[in-house]
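Chemist: Those sequence lines, one after another, are chains V and R. For the first sequence, position 112 matches number 112 in the numbering used here, and the numbering has no gaps at all. For the second sequence, position 168 matches number 481 in the numbering used here, and the numbering has no gaps at all.
Everything labelled a hint here was simulated from the structure, so no lab data went into it. Worth double-checking, as some hints may not be accurate.
Claimed, not checked - Estimated spans, in silico, between C-beta atoms of each pair:
id	chain 1	residue 1	chain 2	residue 2	range
1	V	192	R	594	31 to 37 Å
2	R	398	V	18	27 to 33 Å
3	R	395	V	48	25 to 31 Å
4	R	551	V	124	31 to 37 Å
5	V	113	R	398	24 to 30 Å
Treat the numbers as computed from the prediction; the structure is a model and nothing was measured. In this text, a Cβ means the ideal position worked out from N, Cα and C, and glycines have one as well.
The lines below spell out each chain.
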Amino acid sequence: MSTNPSSPPSPSSDLFRPNRQLSKWVELVVKYIFAAFALISVATTIGIVLTLIFETVEFFGDVPLWRFLTDREWTPRFVNPQYGIFVLISATLLTSAIAISVALPIGLLAAICLSEYAPPKVRSWLKPALEILAGVPTVVFGYFALLLVTPFLQNFIPALQGFNALSAGLVLGVSIIPLVASLSEDAIYAIPGSLRQGAYALGATKRETIVGVVLPSALSGIVASFVLAISRAIGETMIVTIAAGQNPQMGLNPFVPVMTMTAYIVQASLGDTPAGSLAYRTLFAVGMTLFLLTLVLNIFSFWFVRKFRETYE
Amino acid sequence: MKQDPINQPLSGQIKPPYSGYTSSKEAILQAEKVSVFYGSYLAVRDVFLDIETNKITAFIGPSGCGKSTLLRCFNRLNDLILGARVEGSIKFQGENLYDKKFDRKIEEVRRRIGMVFQKPTPFSKSIYENIAFGAKINGYQGDMDELVERSLRQAALWDEVKDKLKQSGLSLSGGQQQRLCIARAIAVQPDVILMDEPCSALDPISTLRIEDLLHELKEQYTIVIVTHNMQQASRVSDMTAFFNVEPTDKGGRMGYLVEYDRTEVIFQSPKEESTREYVSGRFG
Ligand SMILES: Nc1ncnc2c1ncn2[C@@H]1O[C@H](COP(=O)(O)OP(=O)(O)OP(=O)(O)O)[C@@H](O)[C@H]1O
Ligand SMILES: [Mg+2]
Chain V
1 MSTNPSSPPS PSSDLFRPNR QLSKWVELVV KYIFAAFALI SVATTIGIVL
51 TLIFETVEFF GDVPLWRFLT DREWTPRFVN PQYGIFVLIS ATLLTSAIAI
101 SVALPIGLLA AICLSEYAPP KVRSWLKPAL EILAGVPTVV FGYFALLLVT
151 PFLQNFIPAL QGFNALSAGL VLGVSIIPLV ASLSEDAIYA IPGSLRQGAY
201 ALGATKRETI VGVVLPSALS GIVASFVLAI SRAIGETMIV TIAAGQNPQM
251 GLNPFVPVMT MTAYIVQASL GDTPAGSLAY RTLFAVGMTL FLLTLVLNIF
301 SFWFVRKFRE TYE
Chain R
314 MKQDPINQPL SGQIKPPYSG YTSSKEAILQ AEKVSVFYGS YLAVRDVFLD
364 IETNKITAFI GPSGCGKSTL LRCFNRLNDL ILGARVEGSI KFQGENLYDK
414 KFDRKIEEVR RRIGMVFQKP TPFSKSIYEN IAFGAKINGY QGDMDELVER
464 SLRQAALWDE VKDKLKQSGL SLSGGQQQRL CIARAIAVQP DVILMDEPCS
514 ALDPISTLRI EDLLHELKEQ YTIVIVTHNM QQASRVSDMT AFFNVEPTDK
564 GGRMGYLVEY DRTEVIFQSP KEESTREYVS GRFG
């Protein structure tokens with residue numbers, strides 16, 4: 001015989017008796033169970049969007065769109081109500097801008113440091129630590145801003161009020177650093193070593209390799225993480241509600257209390273706003289604005305990633 | 314005993330332990346008793362090898378015999394691998410690359426000893442920028458357009474890409490990407506170009522184009538090429554080094570240089586039996 005005596009005999013093929021009929025049934029059942037769950041999440045999303053649209057349309061039946069866009073104040077519960085959404089948008093942009101100018105540079109530098117400079121050991125415990133930081137409840141950050149950061153900053157900026165956009169924005173920024181750092185780090189780490197070697201082989205220094213080759217290659221992932229961070233900053237609720245105040249006013253002064261879109265939604269839904277009233281519908285109009293803003297950002301991100309993603313085998 | 318060079322005692326020995334050729338011409342790179350370790354693992358042992366100026370030297374040998382490892386010693390790319398250690402000396406134009414004083418000039422070493430890898434590694438930049446990058450970081454002061462064009466022409470790629478220099482280097486085909494990498498290596502005006510299986514991911518036509526290219530480049534550069542393709546080695550190279558690998562007592566596998574000679578000698582009348590078996594395809 002040609003078979004090697006030291007290896008066990010190969011099993012005869014009669015020993016394979018698959019129950020194809022049963023497998024088929026299981027496949028089918030599993031498929032429908034998954035489809036049902038997928039349907040639930042899709043249906044929920046569609047339901048939310050439809051409610052938003054429906055209530056928003058009702059709202060604009062009572063308040064013309066041009067007033068929504070041109071009023072100079074946001075006073076939906078006053079006797080002579082005003083509905084200037086830009087009051088809320090300016091506050092959201094203010095806190096987000098402060099947050100982003102903290103989170104993007106620090107997050108990106110942390111990511112570069114982690115993936116390129118940190119020894120593997122350090123990276124292996126710093127990365128999970130960073131991700132745990134991302135899990136700290138934002139209400140904690142909110143009180144941190146209100147009770148620690150604001151009093152501290154008041155030492156240097158006497159004009160700073162108890163509630164203000166500055167410390168809310170700063171702490172909001174700190175709270176999204178882990179998101180930026182972790183996602184950018186993934187993007188940078190995924191760049192194959194062969195690319196780095198290619199740069200080193202031309203005589204590049206480490207810095208030249210990172211700035212000239214690694215970061216441009218990871219650009220789409222980095223931008224995606226930035227956009228996600230910006231959406232997070234715009235949609236963040238707890239920190240700004242607690243630390244930035246409830247005072248709708250137009251302008252970009254970071255030292256005074258402001259009211260962001262999210263903070264307004266919190267305030268209005270906590271209060272005794274009767275369902276179906278106009279004040280109740282403002283909730284949805286503001287929600288819709290928020291939704292559109294993040295939607296635009298996400299579409300941009302999607303487009304950008306598609307356009308600039310490079311594939312390496 | 315004498316016939317088996319590997320078992321010769323090496324201590325204090327200066328003469329190369331492989332049989333055959335000793336260099337007559339001026340050598341640009343001289344490996345003297347080079348051993349490479351990965352951690353405590355000895356990957357290549359006691360290589361003596363002179364690479365001659367303006368010649369093409371081929372490294373052949375079975376997988377794992379340390380061809381890439383040795384190649385990476387010539388531009389100190391092994392420095393990037395954690396735990397890699399090189400013993401012995403590699404002289405580049407007479408100066409030992411592993412001297413302390415080169416530690417701070419490592420970028421200059423790598424500019425003058427370029428490298429092309431097995432897998433094409435274009436940067437995610439435009440074709441133009443792929444070439445210009447190396448020149449810029451090395452402080453090139455001349456006319457960049459001219460340099461890009463000349464490098465691409467030398468790499469026989471100009472005609473195919475001259476109308477799309479702004480496109481991404483990754484949009485090219487594999488063979489074009491590899492020629493782009495060669496152009497990129499040429500652009501920084503090296504003296505030596507190291508190539509680690511540059512054609513192994515390419516189709517036969519692209520491979521032939523690159524082989525033709527090597528013949529032209531030889532006029533200006535010294536080329537060291539690792540290849541698994543015997544025909545390629547015999548077609549393009551002037552000198553051939555055959556490496557082999559043997560098991561060690563500790564259960565590892567260790568590469569060593571068996572024979573180094575003019576290519577026609579290696580392929581037609583090698584002195585070692587294992588070389589004859591390898592080049593005739595009757596190996597292992
Ligand atoms: N980065 C590394 N870390 C540890 N060991 C390595 C490393 N690179 C190579 N080795 C080991 O060194 C030995 C030689 O490897 P090398 O890649 O130089 O072989 P090669 O001759 O180029 O093989 P091939 O023809 O397959 O490319 C192998 O045993 C390999 O396992
Ligand atoms: Mg190799």
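Chemist: Could you run down the list of hints and mark each one as holding or not?
Modeler: Hint-by-hint comparison with the structure:
no.	hint	result
1	192(V) to 594(R): 31 to 37 Å	33 Å, holds
2	398(R) to 18(V): 27 to 33 Å	54 Å, violated
3	395(R) to 48(V): 25 to 31 Å	51 Å, violated
4	551(R) to 124(V): 31 to 37 Å	48 Å, violated
5	113(V) to 398(R): 24 to 30 Å	27 Å, holds
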